[in-house]
Amino acid sequence: MKILTEHIDVPGIETIDVFCKHGGYQAMEKAIKKMTPDEVTDEVKKSGLRGRGGAGFPVGMKWSFLAKPEGVPRYLVCNADESEPGTFKDHYLMWKSPHTLIEGMIVASYALGANTSYIYVRGELMYVIHILEKAIQEAYDKGYLGKNILGSGYDLDLYVQPGGGAYICGEETALLESLEGKRGNPRIKPPFPAVKGVWQCPTVVNNVESIAATSWIVNHGGDAYAAIGVGRSTGTKLISASGHIRKPGVYEIPLGITVEDFIYSDEWCGGIRDGHKLKAVVAGGSSVPILSADMILNTASGEKRLMTYESLSDGGFATGTMLGSGGFIVMDETTCIVHNTLTFARFYHHESCGQCSPCREGTGWMDKVIYRIEHGKGRKEDIDLLVDVAKKIEGNTICPLGDAAAWPVAAAIRHFRDEFEWHIDHPELAIQPGAVYMRPGASWTQ
Amino acid sequence: MKVTIDNITLEVEQGTTIMQAARQIGPEITPPAMCYYEPLKASGGKCRGCLVKVTAGSEKDPRPMPKLVPACLTQVQDGMIVENTINEEVLETRRGIVEFLLLNHPLDCPVCDQAGECHLQDFSFEHGVSSTRTAEERNTFEPTDLGPNIQLHMNRCILCYRCVYTADQITDGRVHGVMNRGDHAEISTYIDKAIDNDFSGNLIDVCPVGALTDKTYRFKSRVWFSKPVEAHCACEKCSGQVTLWYKGEEVIRVTGRKNEWGEVKEFICNTCRFDRKKTAEWTIEGPAKVSRHSVISANKYGSNLIQPAFPISQAARDYKLINDDRDRSFLTDQVKLEAKK
Numbered sequence: 001m002k003i004l005t006e007h008i009d010v011p012g013i014e015t016i017d018v019f020c021k022h023g024g025y026q027a028m029e030k031a032i033k034k035m036t037p038d039e040v041t042d043e044v045k046k047s048g049l050r051g052r053g054g055a056g057f058p059v060g061m062k063w064s065f066l067a068k069p070e071g072v073p074r075y076l077v078c079n080a081d082e083s084e085p086g087t088f089k090d091h092y093l094m095w096k097s098p099h100t101l102i103e104g105m106i107v108a109s110y111a112l113g114a115n116t117s118y119i120y121v122r123g124e125l126m127y128v129i130h131i132l133e134k135a136i137q138e139a140y141d142k143g144y145l146g147k148n149i150l151g152s153g154y155d156l157d158l159y160v161q162p163g164g165g166a167y168i169c170g171e172e173t174a175l176l177e178s179l180e181g182k183r184g185n186p187r188i189k190p191p192f193p194a195v196k197g198v199w200q201c202p203t204v205v206n207n208v209e210s211i212a213a214t215s216w217i218v219n220h221g222g223d224a225y226a227a228i229g230v231g232r233s234t235g236t237k238l239i240s241a242s243g244h245i246r247k248p249g250v251y252e253i254p255l256g257i258t259v260e261d262f263i264y265s266d267e268w269c270g271g272i273r274d275g276h277k278l279k280a281v282v283a284g285g286s287s288v289p290i291l292s293a294d295m296i297l298n299t300a301s302g303e304k305r306l307m308t309y310e311s312l313s314d315g316g317f318a319t320g321t322m323l324g325s326g327g328f329i330v331m332d333e334t335t336c337i338v339h340n341t342l343t344f345a346r347f348y349h350h351e352s353c354g355q356c357s358p359c360r361e362g363t364g365w366m367d368k369v370i371y372r373i374e375h376g377k378g379r380k381e382d383i384d385l386l387v388d389v390a391k392k393i394e395g396n397t398i399c400p401l402g403d404a405a406a407w408p409v410a411a412a413i414r415h416f417r418d419e420f421e422w423h424i425d426h427p428e429l430a431i432q433p434g435a436v437y438m439r440p441g442a443s444w445t446q
Numbered sequence: 001m002k003v004t005i006d007n008i009t010l011e012v013e014q015g016t017t018i019m020q021a022a023r024q025i026g027p028e029i030t031p032p033a034m035c036y037y038e039p040l041k042a043s044g045g046k047c048r049g050c051l052v053k054v055t056a057g058s059e060k061d062p063r064p065m066p067k068l069v070p071a072c073l074t075q076v077q078d079g080m081i082v083e084n085t086i087n088e089e090v091l092e093t094r095r096g097i098v099e100f101l102l103l104n105h106p107l108d109c110p111v112c113d114q115a116g117e118c119h120l121q122d123f124s125f126e127h128g129v130s131s132t133r134t135a136e137e138r139n140t141f142e143p144t145d146l147g148p149n150i151q152l153h154m155n156r157c158i159l160c161y162r163c164v165y166t167a168d169q170i171t172d173g174r175v176h177g178v179m180n181r182g183d184h185a186e187i188s189t190y191i192d193k194a195i196d197n198d199f200s201g202n203l204i205d206v207c208p209v210g211a212l213t214d215k216t217y218r219f220k221s222r223v224w225f226s227k228p229v230e231a232h233c234a235c236e237k238c239s240g241q242v243t244l245w246y247k248g249e250e251v252i253r254v255t256g257r258k259n260e261w262g263e264v265k266e267f268i269c270n271t272c273r274f275d276r277k278k279t280a281e282w283t284i285e286g287p288a289k290v291s292r293h294s295v296i297s298a299n300k301y302g303s304n305l306i307q308p309a310f311p312i313s314q315a316a317r318d319y320k321l322i323n324d325d326r327d328r329s330f331l332t333d334q335v336k337l338e339a340k341k
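Chains U and W supply the protein sequences, listed in that same order.
Under the working numbering, the first residue of the first sequence carries the number 1, and numbering increases by one thereafter.
Under the working numbering, the first residue of the second sequence carries the number 1, and numbering increases by one thereafter.
None of these hints come from the bench; they were simulated from the model.
No experiment lies behind these values; they were computed from the predicted model shown.
The beta-carbon is built from N, C-alpha and C at its ideal position, and this holds for glycine as well.
Where hints are given, some of them may not hold.
What the hints assert, rightly or not - Partial pick of chain W residues on the chain U-facing surface, computed with a CB cut under 10 Å:
hint, residue
1, 10
2, 44
3, 106
As the list claims (entries may be wrong) - Only pairs whose alpha carbons sit at most 25 Å apart, straight line, appear in this in silico DSS-like list of lysine-lysine:
hint, chain 1, residue 1, chain 2, residue 2
4, U, 33, U, 21
5, W, 67, U, 391
6, U, 134, U, 21
7, U, 189, W, 220
8, W, 278, W, 247
9, U, 68, U, 30
10, W, 227, W, 289
11, U, 68, U, 189
12, W, 278, U, 189
13, U, 391, U, 380
14, U, 33, U, 45
15, U, 196, W, 41
16, W, 193, W, 258
17, W, 41, W, 60
18, W, 215, W, 227
19, W, 41, U, 189
20, W, 227, U, 182
21, U, 2, U, 304
22, W, 215, W, 278
23, W, 247, W, 220
24, U, 377, U, 391
25, U, 182, W, 2
26, U, 196, W, 277
27, W, 227, W, 193
28, W, 53, U, 391
29, U, 96, U, 21
30, W, 277, W, 265
31, U, 189, W, 2
32, W, 237, W, 265
33, U, 189, W, 67
34, U, 30, U, 182
Said to hold, decoys possible - Which stretches of chain W does chain U cover? Using the computed rule of at least three CB atoms under 8 Å from a CB of chain U, they are:
hint, stretch
35, 15-24
36, 140-151
37, 197-203
38, 281-287
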C-alpha cells in the first residue's frame with residue numbers, strides 16, 4: 001500500500017503535467033470546489049493521521065486548536081528542516097515529487113484559512129529548494145496558487161524559505177524565529193504557535209509528510225486512510241532505513257508490519273549485510289532510545305514488536321523506544337555502541353542553541369565524558385555521572401532538544417552498560433582502531 | 001486569586017507570576033533568579049534556576065503539572081499550589097543547575113570585581129554542592145573590550161541574555177548579541193563594533209556575574225571594602241538617582257540603585273556612571289540600605305555594630321562535613337585498619 005510514493009518513480013513526476021496525469025491536484029480541486037474548510041479538517045480528524053515529524057500528535061486535533069480571531073491572518077508553515085541524524089524521508093519526497101507537497105500545502109492551507117504559507121527547508125538542501133521553487137512557479141502558472149484559485153475566491157501565496165543549517169531550527173518555535181529572520185532560539189511556551197506563531201499570528205507547523213498525506217485523505221476519505229494501520233497508528237509512514245542492512249533507503253510502509261519483517265524481508269531492508277548479526281537498532285532517528293536486538297524484535301511481554309507508535313513505545317523507556325521521525329538505523333555486531341553514542345552526543349553538543357543552561361552545559365559535558373571513555377581515559381564513576389547528567393537535563397529545558405540529547409545516552413548505558421565498563425576496564429584494548437566489545441558467547445556472524 | 005507557595009497562602013492579582021507572588025512573601029521561599037529581571041520585558045526562562053513544582057494547577061483543574069515549571073514565567077492560577085523549598089525534586093534539580101552553570105565558569109572569584117555582589121555566588125552558596133564531579137577542561141575565551149567603558153569576560157558569562165534585553169529595550173540600536181551556539185555561544189558585538197550609547201553602562205548593572213565589568217572600576221577595590229551611599233544630581237539625560245561607592249574619601253564607582261532582588265530601580269546614563277566621580281557633583285542623601293546579611297555590610301561601620309548573623313552554636317550545629325567522595329577502593333584492608341587506629 002503506497003500513498004505518498006505511489007508514482008514517485010514515474011519519469012518526469014516533478015513536472016506539473018506528468019503529476020496531473022497521475023491524479024495530481026485532484027484533491028486540491030475537490031477540496032476547494034466541493035468542500036468547506038471544516039469538512040477538510042473533519043476528514044483529516046477522521047483519518048487519525050498523526051504528525052510525522054516525531055512527536056506523533058494528531059494532525060486534525062492540532063488544526064482544530066488553531067485560534068481564529070477576526071481580522072488576524074493565519075499561517076501554515078511546513079517544517080522541512082529535516083536534520084535528525086538517520087532521517088532523510090522528506091528530502092527524498094521533496095526531491096522526487098515536489099508537487100505532492102505543494103498540493104498538500106494548498107489543501108491544508110485551505111482547511112486552515114491561511115492565505116500565506118511557508119515551506120521552511122533545511123539550508124543544506126539547496127538543490128531541493130530550487131526544485132520546489134520551480135514546481136511552485138508551475139503551480140502559479142496553472143492558477144493553482146495565487147489570487148482566486150480555480151475561481152473559488154480563495155487566495156494563497158506559497159513561499160520557500162531556506163534555513164541556515166541549524167538542527168535546532170527544526171523545533172517549531174525556533175523555526176518560526178528563524179523564519180522571521182531572527183536567531184533560531186526556541187520560544188518559551190506557552191503561548192503555543194496555534195495562538196501566537198509566526199509574526200505573532202496563529203500558526204500551524206506541520207511536517208512535510210503529514211501535509212503531503214492530507215491530499216490523499218481528501219481524495220479517498222478519512223475512513224479509507226484510517227483503515228490502513230493498527231489501532232491509533234493509521235496510514236502509511238515513510239521510513240528512512242540506514243546502517244548495516246542490505247538495502248538501505250526510504251520505504252513507505254503501512255503502519256503495523258512487524259519490525260522483524262521490516263528488517264529481514266526482501267521487500268524492505270533485506271536483512272543484515274553479509275550474514276552479520278543484528279546487534280542494535282535506533283528506531284526513530286538519533287534522539288530516540290537505542291534498543292538491543294531482542295528488545296526491538298519482541299516486546300517485554302513476548303509479543304512481536306510492530307512498526308507502530310504504540311508498539312515501539314511499549315514498555316516505556318525501560319524496554320521500549322519511539323517511532324519518532326522514522327530514522328531506522330540498524331547496527332550489526334561490528335558496531336561499537338560507545339562510539340555510536342559519542343557520535344550522537346557530539347552532534348547534540350554541536351547543535352544545542354545555548355539558550356538554557358542544562359542543555360547548553362549538559363550536552364557539552366556528556367560529549368566530553370564519552371569522548372574520554374571512548375579514548376581510554378574513562379573513570380569508574382563516569383558511567384553513573386552520565387546517567388545523572390542525562391537525568392538532570394531531561395525535562396528541565398525550554399525545548400525538547402535537551403530530552404533528545406539525554407535519551408540516547410541514557411538508553412545506551414541502560415542497555416549496553418557492559419560495553420561502557422569494558423572501555424573503562426580495558427583502555428588499552430578499547431583504543432585499538434575498530435575495537436568492539438563482544439559479550440560472552442556473542443559472535444561476529446550469524 | 002489565591003496561591004499557595006510552600007504552604008503559605010496569599011492573595012494576588014491576575015497575571016502575577018509565581019516568582020512575583022513568592023517575592024511578596026519573602027526571600028526565604030523565593031526561587032533564585034539568574035536570568036529573570038523584572039524591569040526587562042521577556043527576560044527569564046533561560047537559566048532554569050527557578051524551576052518549581054506545581055502540585056495543583058488550579059482550583060478548577062487540580063492536576064499537578066507533569067514537568068517542573070519556571071517560576072519567573074508561569075502565571076498563577078486561582079488555587080494553584082506550588083512547592084519550592086519543600087520539594088526534594090526541585091532542590092535536586094537546582095543542585096544540577098548550579099553544577100551546569102559552574103561547569104565552564106572559571107571560579108576566579110578572588111580576582112573578580114563582581115565577587116560579593118554576584119548572583120552566581122549566592123546561588124551556588126545556597127544550592128550547590130561542595131564537591132565537583134567534572135574532570136573536563138573548561139571552555140575559555142579571551143577578554144574583549146566592548147567600547148571605551150566596558151570590558152567583557154566571556155568566561156564568566158552564564159548567557160542570561162539580560163544585557164541583550166537591556167540594549168534592546170532602553171537603548172536604541174543594539175549592536176551586541178549572542179553569537180554561535182551551545183556552550184561555545186558568546187556575547188559579542190557585531191564584528192567588534194564598540195558599544196557607544198548613552199545608556200550602555202547599564203549592561204554592567206544587569207549582569208548577574210562578572211562578565212561585563214566597568215573599566216573605570218576594574219581592580220580598584222573589593223565590594224566589601226567600599227561604602228554605598230545614595231546620592232542624586234540634576235542630570236538632563238536620566239533621573240540622576242544613583243549609588244556612590246566610596247573607598248575612604250574617594251568615589252570609586254557609580255551604579256544605579258538596586259532593590260532587594262538586585263534589580264536596578266532606574267537606569268542611569270553613562271555620564272553619571274563614568275564621568276561624575278567627585279563628591280561635589282552630587283547631593284548626598286545618606287547611606288544606602290544594604291541587607292545586614294550581605295557581605296557588603298561587613299567591615300564598614302565599625303566592628304562593634306555588625307554582629308555575625310547567627311550565633312556560633314548554631315553554626316556548629318549546621319556544620320556539615322565536606323562531601324568527599326573520592327575513590328578509596330584501592331586502599332587495602334591493612335591500610336584501612338591502620339587509619340582507624
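Tested hints:
no.	hint	result
1	10	violated (24 Å)
2	44	holds (8 Å)
3	106	violated (14 Å)
4	U:33 to U:21	holds (20 Å)
5	W:67 to U:391	holds (13 Å)
6	U:134 to U:21	holds (18 Å)
7	U:189 to W:220	violated (44 Å)
8	W:278 to W:247	holds (12 Å)
9	U:68 to U:30	holds (24 Å)
10	W:227 to W:289	holds (11 Å)
11	U:68 to U:189	holds (19 Å)
12	W:278 to U:189	violated (48 Å)
13	U:391 to U:380	holds (19 Å)
14	U:33 to U:45	holds (20 Å)
15	U:196 to W:41	holds (17 Å)
16	W:193 to W:258	violated (29 Å)
17	W:41 to W:60	violated (30 Å)
18	W:215 to W:227	holds (19 Å)
19	W:41 to U:189	holds (16 Å)
20	W:227 to U:182	violated (43 Å)
21	U:2 to U:304	holds (24 Å)
22	W:215 to W:278	holds (17 Å)
23	W:247 to W:220	holds (9 Å)
24	U:377 to U:391	holds (23 Å)
25	U:182 to W:2	violated (38 Å)
26	U:196 to W:277	violated (48 Å)
27	W:227 to W:193	violated (35 Å)
28	W:53 to U:391	holds (16 Å)
29	U:96 to U:21	holds (16 Å)
30	W:277 to W:265	holds (21 Å)
31	U:189 to W:2	holds (23 Å)
32	W:237 to W:265	holds (16 Å)
33	U:189 to W:67	holds (13 Å)
34	U:30 to U:182	violated (38 Å)
35	15-24	violated (count 0)
36	140-151	violated (count 0)
37	197-203	violated (count 0)
38	281-287	violated (count 0)
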